[in-house]
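Can you build the whole structure from these sequences, using the hints too?
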Amino acid sequence: MDERTEPVTAERERAPVIEPGYTFGSVTDKISSIVLTRPTSNGWFFGFGLAFLLTMMMLYAIGYLCVRGTGIWGVTIPIGWGFAIVNFVWWIGIGHAGTLISAILLLLRQSWRNSINRFAEAMTLFAVASAGIFPLIHVGRPWLAYWLFPYPNTMKVWPQFRSPLIWDVFAVSTYATISLLFWFIGLIPDLATLRDRSTNHASRIIYGILAMGWRGSARHWHRYETAYLLLAGLATPLVLSVHTVVSFDFAIGIVPGWHTTIFPPYFVAGAIYSGFAMVLMLSIPIRKIFQLEDFITERHLQNSAKVMLATGLIVAYGYIIEGFMGWYSGNRYDGFTLWNRLHGPYAFFYYMLLICNIVIPQVLWIPRLRSSPIWLFLVSGVVLVGMWLERFIIVVVSLHRDFLTSSWGMYYPTRWDWMTYIGTIGMFLAAMFLFVRVLPMISIFEMRTLLPEAEVKE
Amino acid sequence: MRRAGTYGFMAEFDSPTSLVAAAHRVQQAGYRKVDAYSPFPIEGLAEAVGFHRDEMPLVVLIGGLIGGITGYAMQYWMSVISYPINVGGKPYHSWPAFIIVTFEMTILFAGISAVLGMLALNGLPMPYHPVFNVPRFAFATKDRFFLIVFSSDPKYSSIETRRFLESLSPRSIAEVPD
Chain Z
42 MDERTEPVTA
52 ERERAPVIEP
62 GYTFGSVTDK
72 ISSIVLTRPT
82 SNGWFFGFGL
92 AFLLTMMMLY
102 AIGYLCVRGT
112 GIWGVTIPIG
122 WGFAIVNFVW
132 WIGIGHAGTL
142 ISAILLLLRQ
152 SWRNSINRFA
162 EAMTLFAVAS
172 AGIFPLIHVG
182 RPWLAYWLFP
192 YPNTMKVWPQ
202 FRSPLIWDVF
212 AVSTYATISL
222 LFWFIGLIPD
232 LATLRDRSTN
242 HASRIIYGIL
252 AMGWRGSARH
262 WHRYETAYLL
272 LAGLATPLVL
282 SVHTVVSFDF
292 AIGIVPGWHT
302 TIFPPYFVAG
312 AIYSGFAMVL
322 MLSIPIRKIF
332 QLEDFITERH
342 LQNSAKVMLA
352 TGLIVAYGYI
362 IEGFMGWYSG
372 NRYDGFTLWN
382 RLHGPYAFFY
392 YMLLICNIVI
402 PQVLWIPRLR
412 SSPIWLFLVS
422 GVVLVGMWLE
432 RFIIVVVSLH
442 RDFLTSSWGM
452 YYPTRWDWMT
462 YIGTIGMFLA
472 AMFLFVRVLP
482 MISIFEMRTL
492 LPEAEVKE
Chain D
75 MRRAGTYGFM
85 AEFDSPTSLV
95 AAAHRVQQAG
105 YRKVDAYSPF
115 PIEGLAEAVG
125 FHRDEMPLVV
135 LIGGLIGGIT
145 GYAMQYWMSV
155 ISYPINVGGK
165 PYHSWPAFII
175 VTFEMTILFA
185 GISAVLGMLA
195 LNGLPMPYHP
205 VFNVPRFAFA
215 TKDRFFLIVF
225 SSDPKYSSIE
235 TRRFLESLSP
245 RSIAEVPD
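Chains as they are written, first to last, in the numbering used here: chain Z, 42 to 499; chain D, 75 to 252.
Wrong hints could be hidden among the right ones.
[Claimed, not checked] In silico SDA-like pairs for lysine to any residue, Cα to Cα no more than 25 Å straight-line:
id : chain 1 : residue 1 : chain 2 : residue 2
1  : D       : Lys216    : Z       : Val477
2  : Z       : Lys71     : Z       : Phe365
3  : Z       : Lys197    : D       : Pro165
Treat the hints as calculated values from the structure; they're not laboratory data.
Shown next, in the form of C-alpha cells:
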C-alpha cells in the first residue's frame, strides 16, 4: 500500500480549520493585505475584463428584449416559462449555500465555517441578484415590474395573495434584503480593521464611512453578537422557506410533474447541493491564487464535499419518488410524464441529469478524492450542470406535453436566451472579482476567535 | 472629579486573558464607568465591565411582531375590504394562503430591527470618538486589547486612576484627550 492507507486518511479527515502558527496580528495582516497592499495582478484585470464583457452582453440582450419583447426568446405556448425560470431557480438555489454556511452552521457551532462564510455570503448576494433579473425581464414589460408589489395605485387593485407567484416576490425580496444585512453586519468590524490598517487617505475615508465608527467596545460586541445570532436564527427558516416557495410556484400548479408534495424538501436539498458546488468552484481557485490554503484547508473542502454528497442523495431520493409516484399514483398523465422524460424528445437531457447529479458525484465517497481540489472542482462543475438540467427538465419537459396532444410543443432556446444566461454568469463573476479586490474575503475577526490565544484562561 | 480636556485613562494589554482579568480588577476597585475594547468578541468581557442588560432580543421580538401583524393585516385589508375578488370560489379571507407573506414579513421586519437596533443602541454611526485620539488605539482592530476608565467615573482621579492602572501591568497607558 502507498501513503493512502487508512491511518493517513483518518489523519487527513482531521485537517485543522486553520494551520498552526498564526497570531491575531498575522491573521489580520494576511487577509487585509490582499485588499490593501497586494498589487492588482494582470490576471485579475483579465478575469474581471472578461466577466465585464459578458455583463455588457447581458445588458445588450436585455436592452434588445425591452425593444422587441419576449418574442426574441424561445418561449412559446405551451412552454411559456423557458430559460428565464430555469435560470432563476438555478441561481437562487446557488445562493442558498451561502446562507446555510453563514447562518445554519453558525447556530450548529461549526466553527470551520468562519473561513468561508464571508465569500459564501457574497456569493449568495450576487447569485440572488443574478436570479432576480430573470423574473423581472420575464414579465414582458420589465419597466412595469414594480406592479408586483402592493402599492396604492390609480387602478385601485392589489396583488393576488392567493398566488404563489406573489409569495415568491415577498420571499425573494426578503431573502435578498436579509442576506445583504447579514453580510454587511458581518463586515463592520473588518471594515474598521481596514480603516485602521489602510495607508491610503481615500481608502481610509471610504472604509471609515462604511465602518460607521466601530471601535470594538465590549458593550458593542455584546449587542453585536446577539444581533448576529438572532439574524442567523431568522435567516435559517428564511432560507428554507425561499426555495420552498420557489417550489410552490410549480407544486401549486396542476401540471403533471409539478403537482407533488416532494417538491419543497427536494428543492431545498437541490439548492444546497448546487450552492456547495459553487462554493467549491469559487474557493478552490481563490485559495490557490491568494495563497489562503492555511485558512481554507482540506477540512473545508472535505466538509463541503460531504454536504454535497448528503444533499445529492436527498436529490436522488426526490428523483426516485418522482418516478415511483408516476407509476404508483395510477394517474395516466403522471405516468406519461415519467415515460416522456425517459423516452421523449428531451430524454437525452434527463439521462445527462441522472449522470451529472447522481452517478458522477458518488466518487465523493472516496476519501482521497474528497481532499483533491482538482477532483472536487470537476465534480462541482458537473453538479452545477446537472442542477441546471434538473430545472430545465422540470420547467420545459413538464410543460411541453401536458394533457392534450393537440397542444403539445417543443422549446428551442434562441441566442438571446443564451446571451442572457451566460451574461448573468459574467455579472456574477464580475461582482466576485470586485468583491475579492476591495473587501476582506475571509472574516478577519471571526478568524481571530479560532486561534487558541482567543480563549480566556482563568 | 472630571478634569476638563480628559476623557479617561486607557491601558493596553496583549491578550484577552489579561484584559478580562484587568476588567475584573477595575470593577473590584470600585470603578463603574469603564469600557473595554477588543478586536473580536470575548466571552464574559461585557459583564466584566458592568454590562448586564442586552435589549437586543426585545427589539427583535417587537420588530418581528410588527412585521407579522402588518403582513397579515395588509393581506386581509387588500383581499377582503379594499378590493375583494372571487378567485375560483375561494373565500376572500383565505388565511392559509396568507401565511407565507406573513412569515416573510415577520422575518424581514425582525431582521431589519436586529441590524438597525444594534446600530442605534450602540450609538453608531459615530464617526468621531475621543478614543480614536490615542494613536495606539488603531491596534484595537488588530491584536491589542484596551481598557478605559472614563473621567466621568465618581472615583476617577488623574493620579490615583493612573497609578491603579499601572498596577495592572499593562503594555502602555495613555491619557485620552476629550
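Outcome of the hint check:
Restraint check for D/Lys216 and Z/Val477: the C-alpha separation of about 20 Å stays at or below 25 Å, so the hint holds. This hinted pair does not check out: Z/Lys71 and Z/Phe365 have alpha carbons roughly 53 Å apart, beyond 25 Å. Simply put, Z/Lys197 and D/Pro165 have alpha-carbon atoms about 20 Å apart, close enough for the 25 Å limit, and the pair holds.
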